[in-house]
Structure formats: C-alpha cells, structure tokens
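Enquirer: Following the hints, position chain L against chain H.
Residue numbers (the working numbering), protein chains in the order written: chain H, 37 to 379; chain L, 5 to 484.
Quick caveat, the hints were computed from the structure, so don't treat them as lab data. Where a beta carbon is used, it is the ideal one built from N, C-alpha and C, also for glycine. Mixed in with the good hints there might be a few duds.
[As the list claims (entries may be wrong)] Below, a sample of chain L positions facing chain H; criterion: calculated Cβ distance under 10 Å:
1. I10
2. D192
3. K421
4. W459
5. A473
[What the hints assert, rightly or not] Straight line, CA to CA, 25 Å or less: simulated DSS-like cross-link-like pairs of lysine-lysine:
6. H:K206 <-> H:K183
7. L:K150 <-> L:K73
8. H:K139 <-> H:K107
9. H:K229 <-> H:K239
10. H:K155 <-> H:K183
11. L:K455 <-> H:K38
12. H:K202 <-> H:K183
13. L:K455 <-> H:K42
14. H:K347 <-> H:K139
15. H:K140 <-> H:K174
16. H:K155 <-> H:K250
17. L:K421 <-> H:K202
18. H:K67 <-> H:K174
19. H:K139 <-> H:K174
20. H:K209 <-> L:K421
21. H:K264 <-> H:K347
22. H:K202 <-> H:K67
23. H:K38 <-> L:K187
24. L:K448 <-> H:K42
25. L:K188 <-> L:K150
26. H:K139 <-> H:K84
27. L:K188 <-> H:K38
28. H:K173 <-> H:K140
29. H:K38 <-> L:K448
30. H:K206 <-> L:K421
31. H:K183 <-> H:K67
32. H:K320 <-> H:K239
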Amino acid sequence: MKRLIKNSILFLIPLVLFMYLADWFFSNQLKHSRYGEYGVWNDIYNGKADADVAIYGSSRAMVHVDPLIIKDSLRLSAYNFGINGHNFWLQYFRHRELLEHNKKPRVIIHSVDMFTLVKRDDLFQMEQFLPYMLYNKKLQHWIGSYKGFSAYDFNIPLVRYYGQYKTMGKIFKAVVTGNKAASTDRSLGFAAKDLPWTDDLVKARAQFPDYRVKVDSVSVVLFENYLKECRNEGIAIALVYTPEYIEGQDFVKNRAEIMNIFSSLAVKYDIPFFDYSDDSISYKREYFYNASHLNGTGARLFTSKMIHDIKNNESIARLMSSSNEQYMHQASLKSDRSKYLSD
Amino acid sequence: MLFNSIDFAIFFPVVFILYWFVANRNLKIQNLLLLIASYIFYGWWDWRFLSLLLFSTLVDYFVGIMLNKQENPLKRKLLLTLSIVTNLGLLGFFKYYNFFLDNLVESYTFFGGEINARSLNVILPVGISFYTFQTLSYSIDIYRRKLIATTDFVAFATFVTFFPQLVAGPIERATNLLPQFFKKRELDYSQAIDGLRQILWGLFKKIVIADNSAQLANQIFNNSADYGGSTLLLGTFFFAIQIYGDFSGYSDIAIGTARLFGFSLMRNFAFPYFSRDMAEFWRRWHISLSTWFRDYLYIPLGGSKGGLSMKIRNTFIIFLVSGFWHGANWTFIIWGALNAIYFLPLLLSNKNRENLDIVAKGRLFPSLREFSKILLTFSLTLIAWIFFRAATVTEAVSILSTIFSASLFTMPDLPLKVLLVIGLIGVFIITEWLGRENQYAIEKVYVTFPKPVRWAVYYSIVFLIFMFAGQGQTFIYFQF
Numbered sequence: 037m038k039r040l041i042k043n044s045i046l047f048l049i050p051l052v053l054f055m056y057l058a059d060w061f062f063s064n065q066l067k068h069s070r071y072g073e074y075g076v077w078n079d080i081y082n083g084k085a086d087a088d089v090a091i092y093g094s095s096r097a098m099v100h101v102d103p104l105i106i107k108d109s110l111r112l113s114a115y116n117f118g119i120n121g122h123n124f125w126l127q128y129f130r131h132r133e134l135l136e137h138n139k140k141p142r143v144i145i146h147s148v149d150m151f152t153l154v155k156r157d158d159l160f161q162m163e164q165f166l167p168y169m170l171y172n173k174k175l176q177h178w179i180g181s182y183k184g185f186s187a188y189d190f191n192i193p194l195v196r197y198y199g200q201y202k203t204m205g206k207i208f209k210a211v212v213t214g215n216k217a218a219s220t221d222r223s224l225g226f227a228a229k230d231l232p233w234t235d236d237l238v239k240a241r242a243q244f245p246d247y248r249v250k251v252d253s254v255s256v257v258l259f260e261n262y263l264k265e266c267r268n269e270g271i272a273i274a275l276v277y278t279p280e281y282i283e284g285q286d287f288v289k290n291r292a293e294i295m296n297i298f299s300s301l302a303v304k305y306d307i308p309f310f311d312y313s314d315d316s317i318s319y320k321r322e323y324f325y326n327a328s329h330l331n332g333t334g335a336r337l338f339t340s341k342m343i344h345d346i347k348n349n350e351s352i353a354r355l356m357s358s359s360n361e362q363y364m365h366q367a368s369l370k371s372d373r374s375k376y377l378s379d
Numbered sequence: 005m006l007f008n009s010i011d012f013a014i015f016f017p018v019v020f021i022l023y024w025f026v027a028n029r030n031l032k033i034q035n036l037l038l039l040i041a042s043y044i045f046y047g048w049w050d051w052r053f054l055s056l057l058l059f060s061t062l063v064d065y066f067v068g069i070m071l072n073k074q075e076n077p078l079k080r081k082l083l084l085t086l087s088i089v090t091n092l093g094l095l096g097f098f099k100y101y102n103f104f105l106d107n108l109v110e111s112y113t114f115f116g117g118e119i120n121a122r123s124l125n126v127i128l129p130v131g132i133s134f135y136t137f138q139t140l141s142y143s144i145d146i147y148r149r150k151l152i153a154t155t156d157f158v159a160f161a162t163f164v165t166f167f168p169q170l171v172a173g174p175i176e177r178a179t180n181l182l183p184q185f186f187k188k189r190e191l192d193y194s195q196a197i198d199g200l201r202q203i204l205w206g207l208f209k210k211i212v213i214a215d216n217s218a219q220l221a222n223q224i225f226n227n228s229a230d231y232g233g234s235t236l237l238l239g240t241f242f243f244a245i246q247i248y249g250d251f252s253g254y255s256d257i258a259i260g261t262a263r264l265f266g267f268s269l270m271r272n273f274a275f276p277y278f279s280r281d282m283a284e285f286w287r288r289w290h291i292s293l294s295t296w297f298r299d300y301l302y303i304p305l306g307g308s309k310g311g312l313s314m315k316i317r318n319t320f321i322i323f324l325v326s327g328f329w330h331g332a333n334w335t336f337i338i339w340g341a342l343n344a345i346y347f348l349p350l351l352l353s354n355k356n357r358e359n360l361d362i363v364a365k366g367r368l369f370p371s372l373r374e375f376s377k378i379l380l381t382f383s384l385t386l387i388a389w390i391f392f393r394a395a396t397v398t399e400a401v402s403i404l405s406t407i408f409s410a411s412l413f414t415m416p417d418l419p420l421k422v423l424l425v426i427g428l429i430g431v432f433i434i435t436e437w438l439g440r441e442n443q444y445a446i447e448k449v450y451v452t453f454p455k456p457v458r459w460a461v462y463y464s465i466v467f468l469i470f471m472f473a474g475q476g477q478t479f480i481y482f483q484f
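Only chain H is shown next, with the shape it has when bound in the complex (with noise of 0.2 Å):
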C-alpha cells in the first residue's frame, strides 16, 4: 500500500504541476486576445476602458453605437461595452467592474431591449470567462447561476478548459503564428456588422409565432437599484431604444408591457428615454441585417442622430459639458507636454 500511495502521489505532482502551468499558459494567452468579449474584458481588467461616455446593453449596443462618432462629435472619450448575447444579469456585473478597474464614466447610454429584463438560462459564449475564472468568488457568484460551468470550473485548474476545442484551437493558431494579441473585431467595443440582410425574422416567427417575453422580477429590482446607485455617484443614465426594423416589432407579442417598464422607470428615476421604434431609421430595411440589428451604416447614421438628440437634452448636456472641459483641458495639457518634449 506504502508502495501505491507513492508512485501515485510521484505520478500526480507532475500532473498538478501541469495543470497549474497549462492554466497559466492558456489564461494568459486570453488574457493578450483581442478578440470579441476577450478584448473588452481585457480593456476593463487592465484599467484601459477609462471613458467618459460608456455605452451598456447586449449585441444590438454592441453593433448600434459607434464610441469614435460620440467622440469626434462631443469631444469625448467613449467605450461600447455592450455584451454579446446577454442581459442586464451580466450587464451590471460588466458595469460594476468597470467601475473597479477604472474611472466613472459622466455618461451612461444604455441600449434596452425586449430581452434586457430577461435572464437567461445558459451562458452565452461562456468561454468569455476562461481566462478569469480560476479562484474568482465574485464571478462565480455571477455566472454560477447559469448552466454552463460548475463549482470545480472555479476551484480546480484547467478544468474549465476539459473540451473547450474552439478556445484552445484560437490559442494555439495565436502562439502558432507568434501573434499573441489576435485580430480584434471591435474597435472601442464597437462591431460594425457589414452582412447582407438574413431571414432571421421568418425562421424565428415560424419558431415562435406567438413569442412572449417574461420579465424577470430579479433583474427588475437589479436594474433599479442600479439607476438609483448611478444617481447616487453622479452618473447620467440614458436608457435608449435603438431602432429596431419596423417588420420585426410585432414579433414580441406583450412589446408595450416591457416599453412601458422602461417609460415608467424613466419617469420615476427622472432619467431620460429616447425611443427609436418609430424612427425613420426603423422603416428602412437598407440599414439592418436582421430585424433587431443595424448594419455598419446604419449604426453610424443611428449614432450621429442619437448623439444629436441627447445633447439637446439638458441634465445629460450639463455633465457631458464639464467632461468635455476636463476633456479639451487634458488634450490642451497634453499638447502642451508634446511641444515642451519636442522643443
């Protein structure tokens, strides 16, 4: 038995040390990527997603506002953090992390939809999370409700990375070819989608013809008490209804029921609600890829119009006015040290 119990532990320690070090290897290879959610969670955990406007909602954030055009229109730094796929869940875990890592932002837009009171079941492009999970209690507190990853996924190394082909393929194409950072396909958070008009809607009406949304009331009393601690650091919230394809607004059967959460959280958080159901953009097919997201010209017309519509707006102006004092103050500060240096 003596004999057993040591040739076993001589046979572990290698592998124990193995898993530690393939761990450490593969997270830190993810942790360089600069690809989907992989490059906005890196921004946010290496402090580099300091903005003064920061954009928040799921894919049709993700795809529908373009940080750069808010920046050269208010002279203000910007970052998309809209999350793939998912729902205010992980939208304000997204935003309390940001908060941590980095400096406020004076601005929130948030980019509401139908399904952001909803949470779902799974975990939505869970390998997102890989690279920070191991010994992570706040993120299985966050993800750990969703059917994806269990208890041993955070406690124990490597395990969370058991079948992951796709993630460990992308890992090894990067060290294959020496390009550590990997192409990235959003610029600031945001993804142009240039694709050519799907049939999304149809497959999904035949789906579900009579498709219903069901608000989740724990994401409801998150969501408020997230307004109410935004008020009570000084953030401005936006809350917007991105325009959505006209064809596709009847797919949602109790649309009016969620519309009128958003409205009357509006009214009673005295934050401003811009909705773009009815906007011209809506009606025009030109400008989506599928019924509930706009293609790169469309999310640029759309943010230039919405940019336009909240400046008009007082409270929010008042914030991004002072912001973009100490904006021009930096850059002046900036331009200054440059000319010091080259003189």
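Expert: Frame of chain H; chain L shown alone:
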C-alpha cells in the same frame, strides 16, 4: 454519477481511503461502506429510484432465504415465480409499458377498433435492466440449488448495488460476485496498478474514442436524409466505434474500479471487432449478457440439443429477447432478428465453435483469409447497427437503401474534423490489435517498457483525454 465526471473523481478516492484505511479491519464495515457508497452513487442521478433498488433487493433477499428453507417443489416454484414476476414486472412497467400500449392501440386502430388509452410519462430508472437481471440470477441459482442464500443482508444488498457495475454491468452472477463479499480483501500493488491502468484505458475509450465518434454519428444519423451512401456508411462506422468504445470503456472502468476494492468482475468484452464470424462476435460482445441469456434462457429452452426446428426457435428467441432487452422499439427487435439470421447458418452447419481463440494468436498480422473474415463479420455487424441506431425501422431501411446505391461511390460530405477522429480511431485500433491477447488492450502492451517510457505512455493518454475530449456524452447503455 458518471465515471467520467469530476464528481466521481472526488467520490472515488474518498471511498477508497475510507475503505482501505478506516474500515479495513472489519469486513462487515467494509461491506456497509460499499453499500452506502453505492446508494450515494446511484442517488446522485435520482434519489427517488433508490426505493426501487431497495424493493428489488428486499424481494430477492427474502425469496432467497425462503427458497433455501423450502423443500416443497410447488412452493419453491411459486417463490421463484414471485421473484421473476417482481423483477420483470418492474422492468416491464418502467421500460415497456408505453411500447406495449402504443402497439395495442395501433393494432386496435388497424382492425377498425377504438381504444382509449394514454401513454404515461415514465422515467426509465438507470441500470434497471442490469440489476434486475443480476438479482434474478441470484434467485434462479438458489432455486437450482447452485447457490445457498445468504442471510447477511448488507452483503446481499451490496452485491445488488455494487457501484462499479450497478448501472451498466457487467451483469454479475451471484456465484461469482457474492462470495467475494465474505472473503477478506487484499490490495497488492500490481493488482492496484492494473486496475488503475484499466480505468485509464476505459476513460480513453469513452472520452476520446466514443464521444468523438458519437458527435459525427449523431450528426449523420440525425440528418440521414441529407447524406449520400458513403457518408451514411461512414456514420455507421462511427456508431460502431462509438458503441464499442462507450460500452467496453464503461466495463473497463467498472472492472478496474472493482479491482481497486479487491473484487474481480467478469470480463465483458474481448475485442469483438476482430471476430472472424458472428458466433465468435457474440462470444466476445457484452459477454455478461450473452452468457446470462445462454444460462437462464437458451439452455432451459433446450439449447441446441433438439431438432432443427427447436434450434431455429431457440436461436430466434434468444436474439429477439436480447434485442428487446436493449429497448422498447421495433428497431432493436429487428437488430436481434438480423443477428439470429447471421448466427443460424453457423449453428446449423456446426461451425459456431470454430474460432474459439483470438485471431492470429502469437502473430503480428492476420492471414489474408482471416483478415477477409474479420472484414465480412464487421460489415454484417455494421448493417445490424443501422437498425440499432436508427430512430425507426423506416429510417433504417432508408439508410440501408441509400448506402446500397450509387452514392456509395461519392466522396463523403463531412467536416475536416473527421480526419482527426479517424486518426484517433486508427491509434485506438492499432493498440487494441497489439493487445488483443490480453484482458484489455494496454494490460501488458507497455508494461515491459522501462518505467519512464511507461509513465510517458500514461501521461500521453491523460493528455489525449484532456485535449481531444468529445462533447460530454452520457454512457449509451444507461438508457438500456
């Protein structure tokens, strides 16, 4: 609890340590520990069905004791009937109720009648086909006076629920397993290492070979109408590898685990795909079930001793029942019938016991004749697997007709990943071939190597398991 889960990776060492270091001085405590562990292992899946397990155990425990005491032949028969009716009744209700009901309704409708019956949403308790057969063998053996009933309830309950083989076999005979619960167990080093090696090989077969093959087989079978003959044939090949890797992998893990607790379980697979005829295949495939049917059904029916018609009848009965045991679907019954048709010519021409030894014993390569026989047997098996895997008989027939069409000679339409899976299957088949004279492929193949090389082989298998794990699949035989 699945063998290929982290739950088991934690559960197993805990039970192992308690068994050898805490309970090692008392056999009864060791048995009790195994019983508790087995109930936890089973309850992890669904604790509600523990009552069913306990009920089955109690019935056969008391029937066994009463059979022992009873001398009256009629009463003995009645007691045995009680055990058979209870066990097969449970199996029949949970596994076959809806099948019989649906077929009854269809028959009535066919003849213009009308019957008002509703299917029930019955959950099939995992392993019910296995443990009911195991307890049945106990009662039958006592009835036949081959075994004396035990009065030690803990030992008997542990025999019924012994966790390594509870949910998917091997289906143990009481004559082999039960006495082991009364003997002091020793764990020597070579036995433990052998057990661990067999577990490692079983995990490789299941996680790397079966699960990767399953992904391709599922993709092809679930969309069979979209594919041509060559792709469907390849899909059937992947399924053949999947079911072998899955089930024999499970058996290897079960046998290896039992060895680590000082138990010896019967062999369940003996390289069946290297068989030279169907009789040999059935001596090498799911041995514990085949021999169960042989001992408790085929021989009592008269076996192959009677005339021609009796031989044919008994062969069909055993294969049809075997098919039906796998599931309540006509596809399984046809699978059984096909195998009976394959087997009968060998039996009737007295050639069913020609190939008793492993092929090419002592040689590296088979002769051309042996190779062609292996290929033919494997091809026949593939045809039968189509019925086993297809959802309906119509689907199976459609797949078969597409395979035997001109589209068989087109390039298969599959993703590039298929090459990786074929490569892994290649490594697997070569290793199995090299180790075919052993109990399991890597039992002795690498043992003669120096320790560093041997360990490097083990680490490589661990690495392959990690890197090429298929998508988490449960074990196929859990559904039977």
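Enquirer: None of the hints should be skipped; say for each whether it holds.
Expert: Hint by hint, here is what the structure shows:
no., hint, result
1, I10, "holds, 5 Å"
2, D192, "holds, 9 Å"
3, K421, "holds, 9 Å"
4, W459, "holds, 7 Å"
5, A473, "holds, 5 Å"
6, H:K206 <-> H:K183, "holds, 24 Å"
7, L:K150 <-> L:K73, "holds, 14 Å"
8, H:K139 <-> H:K107, "holds, 17 Å"
9, H:K229 <-> H:K239, "holds, 20 Å"
10, H:K155 <-> H:K183, "holds, 12 Å"
11, L:K455 <-> H:K38, "holds, 18 Å"
12, H:K202 <-> H:K183, "holds, 19 Å"
13, L:K455 <-> H:K42, "holds, 15 Å"
14, H:K347 <-> H:K139, "holds, 22 Å"
15, H:K140 <-> H:K174, "holds, 20 Å"
16, H:K155 <-> H:K250, "holds, 9 Å"
17, L:K421 <-> H:K202, "holds, 12 Å"
18, H:K67 <-> H:K174, "holds, 18 Å"
19, H:K139 <-> H:K174, "holds, 20 Å"
20, H:K209 <-> L:K421, "holds, 16 Å"
21, H:K264 <-> H:K347, "holds, 23 Å"
22, H:K202 <-> H:K67, "holds, 16 Å"
23, H:K38 <-> L:K187, "holds, 23 Å"
24, L:K448 <-> H:K42, "holds, 22 Å"
25, L:K188 <-> L:K150, "holds, 23 Å"
26, H:K139 <-> H:K84, "holds, 10 Å"
27, L:K188 <-> H:K38, "holds, 19 Å"
28, H:K173 <-> H:K140, "holds, 23 Å"
29, H:K38 <-> L:K448, "holds, 23 Å"
30, H:K206 <-> L:K421, "holds, 15 Å"
31, H:K183 <-> H:K67, "holds, 24 Å"
32, H:K320 <-> H:K239, "holds, 20 Å"
Comparing the model with each earlier hint shows no violations; every hint is respected.
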